[in-house]
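*Asks:* The chain contents come next:
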Amino acid sequence: MMTDHVAKDTWVEIHRVLLDREERAPQVSQDTREVPLEMKVKGFLLHEAVLGDEAEIVTAAGRQIRGTLSVVNPSYDHDFGPPIPELSTIGREVREILREQKGVS
Amino acid sequence: MSRELSYEAVMARKGEIMRTSVGIDYQRYATGSLSFDYEGMLAGTGYDLETIRAIQARTAVGKTPLVELRNLTALARAVSAPGKGARIFVKDEAANPSGSFKDRRASLSAHEARKKGYPGIAAATSGNYGAAVASQAAKAGLGCIIVQEAFDSQGIAQPEIAEKTRACEAYGAEVIRLSVGPELFYHFLIVLEETGYFNASLYTPYSILGIETLGHELSCQVREREGRFPDVVVATHAGGGNVTGTARGLLKAGAEATRMVAASVDLAGLHMASDRDFNRKSFTTGHTGFSIPFSTWPDRADVPRNAARSLRYMDRFVTVTQGEVFYITQVLAEIEGMERGPAGNTSLAAAFAIAREMDREQIIVVQETEYTGAGKHPLGQLNLAKEMGVEVRRGDPRENRPGKAIVIPEHPSQIKTVEIDLDRIRCSYVRNALDSLPEGETVTETDIAFLSAETKSDETFVREAIELHERKNR
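Those protein sequence lines, which keep their order, are chains B and R. Quick note on numbering: this note's numbering labels position 102 of the first sequence as 102, and the sequence is numbered without any gaps. Quick note on numbering: this note's numbering labels position 374 of the second sequence as 479, and the sequence is numbered without any gaps.
Keep in mind that the hints were calculated from the coordinates and are not lab data. Treat the hints with caution; some may be incorrect.
[Unchecked claim] Here are the simulated BS3-like pairs of lysine-lysine, each with C-alpha atoms no more than 27 Å apart in a straight line:
#1 B:Lys102 with R:Lys168
#2 R:Lys244 with R:Lys221
#3 R:Lys189 with R:Lys119
#4 R:Lys221 with R:Lys521
#5 B:Lys102 with R:Lys521
#6 R:Lys220 with R:Lys244
#7 B:Lys42 with R:Lys189
#8 R:Lys189 with R:Lys168
#9 R:Lys521 with R:Lys509
[Said to hold, decoys possible] So the derived list for chain R, only partly shown, Cβ under 10 Å to chain B, looks like this:
#10 Arg108
#11 Arg536
#12 Ser541
#13 Pro543
Keep in mind the model is a prediction, meaning the values are calculated, not measured. Every residue, glycine too, gets a C-beta built ideally from N, C-alpha and C.
Extracted from the complex, chain B is given alone in its bound form:
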């Protein structure tokens, strides 16, 4: 599909496994040892490439590195999410304590 082709100089993210499970450090805890050590880095694509294929990028620091082309123009999607009910009434509660205190003193 044409849409899978990503143009040279596009801002992308690549993914690479740095250490397979059997290559992990000896001191790593059991659950962590069961998964590989993975890396994600962003940069500008050095050549036209297809999503999911091996590609080379140049990073913000000018390093050229290779990995699987995984995301085009990756988004920042961390957010606040909905309000937390367990926090929502704290302000009201402590203002009430301060009001009572003022009434006393």
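Mind docking chain R on chain B? Use the hints.
*Replies:* For chain R alone, coordinates are given in the frame of chain B:
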């Protein structure tokens, strides 16, 4: 350059890579089997407090406001015995260029890297320090690479670290995001070797000297305003740099009677290098997962001699719960109009409890705030906690269980610190020091004096701790 890149091969080159990337010959400060010249190592950098202040001033680092939290003090007094409830102040370190006190820490490394002609600076950090290094690198015209432990094997990013990724990239840095594991250090060594960058480690003398200005500044601000030094300063404690640098700054200002309290979030029961626990911590730093191991053995750091040696400076070490920190964060926003944190709010929760033990005319200072935002905010963290199956509810904070239940206090009177027995930490430090003795070497008189300075104790204490350890080993 085609050097072998296996884990073992790279770790074997650690010493050489560190020497080149930090530019300090740590060996020359050794004085005994265990001991080394700590003050000499710091002085060996050639930077004194005045020079550091001038360097920091050039990039608008430091000189942050000291804010009296009058409403929070009133709240503490409302739940204190008559005559109790010290005045609570906070040093608004969020006013630094990248939004935290970490700018102080990064400033000297960037200055030193530029002076010595390194092409860039790199740091292994998932926290504010990365943003600080990236910001300082941008100002100094240096390349910058930050290596983060950022996501678990399901690809779920810790939201606070995701915000740090964004901030570092906003300052023009390359961010290498890794999954969970201590081999982050292995990859960091490869990056240092490949790029020839300066290692802006959190634990070099540059990093610690940069924080001294914080302790110095806050004590001078209190003295100018109140005519005396603060009674207590509370610092959030993780790797030890914050406590060490701040306390050294207080001493340099002459605030010798000020008590230094270290505060950490209690994360007991969670494993720090566990892929499963990674997104169940709800805190990325300032917790016991760092502060206990680094207090009892600072030289586990990425440099041969850690300049952050918190046990030398702590007068008291306390923990607070996750729920208490989230509660005080909400209170700070709603009655003081300051939306900050998370980092400084660990010490703020502790300060709120400690203020209640103190007399009304006394002064307690929380020595940092940090900028907040999506990912760093209690909403982001608690929404993730709920998704990960952690229970979030109101109740008695003593029922808080890291990774299982975050219990938000129902009333401010429930916020209490839990004491960590410093003598136990000291004994544990002495044990670790003895275990690090090279084969065939014995403890010298110089070492005994060194260990008592290291543990802020005396030679009798150290000799007894050594004897106890030897008896156990027999």
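*Asks:* Look at each hint and say if it fits the structure.
*Replies:* Hint check results:
At most 27 Å may separate the alpha-carbon atoms for a hinted pair to count; lysine 102 of chain B and lysine 168 of chain R exceed this at roughly 34 Å. Restraint check for lysine 244 of chain R and lysine 221 of chain R: satisfied, since their Cα atoms lie roughly 16 Å apart, inside the 27 Å limit. With a C-alpha separation of about 53 Å, the suggested pair lysine 189 of chain R and lysine 119 of chain R falls outside the 27 Å cut-off, and the hint is violated. Under the criterion of a C-alpha separation no larger than 27 Å, the hint pairing lysine 221 of chain R with lysine 521 of chain R is inconsistent with the structure, at around 48 Å.
Taking the CA atoms of lysine 102 of chain B and lysine 521 of chain R, the gap is about 24 Å. The hint holds against a cut of 27 Å. Distance restraint check for lysine 220 of chain R and lysine 244 of chain R: the Cα-Cα separation of roughly 14 Å lies within the 27 Å cut-off, and the hinted pair is therefore satisfied. Between lysine 42 of chain B and lysine 189 of chain R the CA atoms are separated by roughly 54 Å; this puts the pair beyond 27 Å, and the hint is violated. Restraint check for lysine 189 of chain R and lysine 168 of chain R: the C-alpha separation of about 31 Å exceeds 27 Å, so the hint is violated.
A threshold of 27 Å between alpha carbons decides the hint, and for lysine 521 of chain R with lysine 509 of chain R the separation of about 20 Å falls inside it, so the pair holds. For arginine 108 of chain R, the interface hint is violated, since its Cβ never comes within 10 Å of a Cβ in chain B; the closest pair sits about 16 Å apart. A hinted interface residue such as arginine 536 of chain R counts as satisfied when its beta carbon comes closer than 10 Å to some beta carbon of chain B; here the least separation is about 19 Å, so the hint is violated. Because the beta carbon of serine 541 of chain R sits about 17 Å from the nearest beta carbon in chain B, more than 10 Å, this interface hint is broken.
Below 10 Å, beta-carbon pairs count as interface contacts, and proline 543 of chain R has none with chain B, the closest being about 21 Å; its hint is therefore violated.
Consistency with the previously given hints fails for numbers 1, 3, 4, 7, 8, 10, 11, 12, 13, ordered from lowest to highest.
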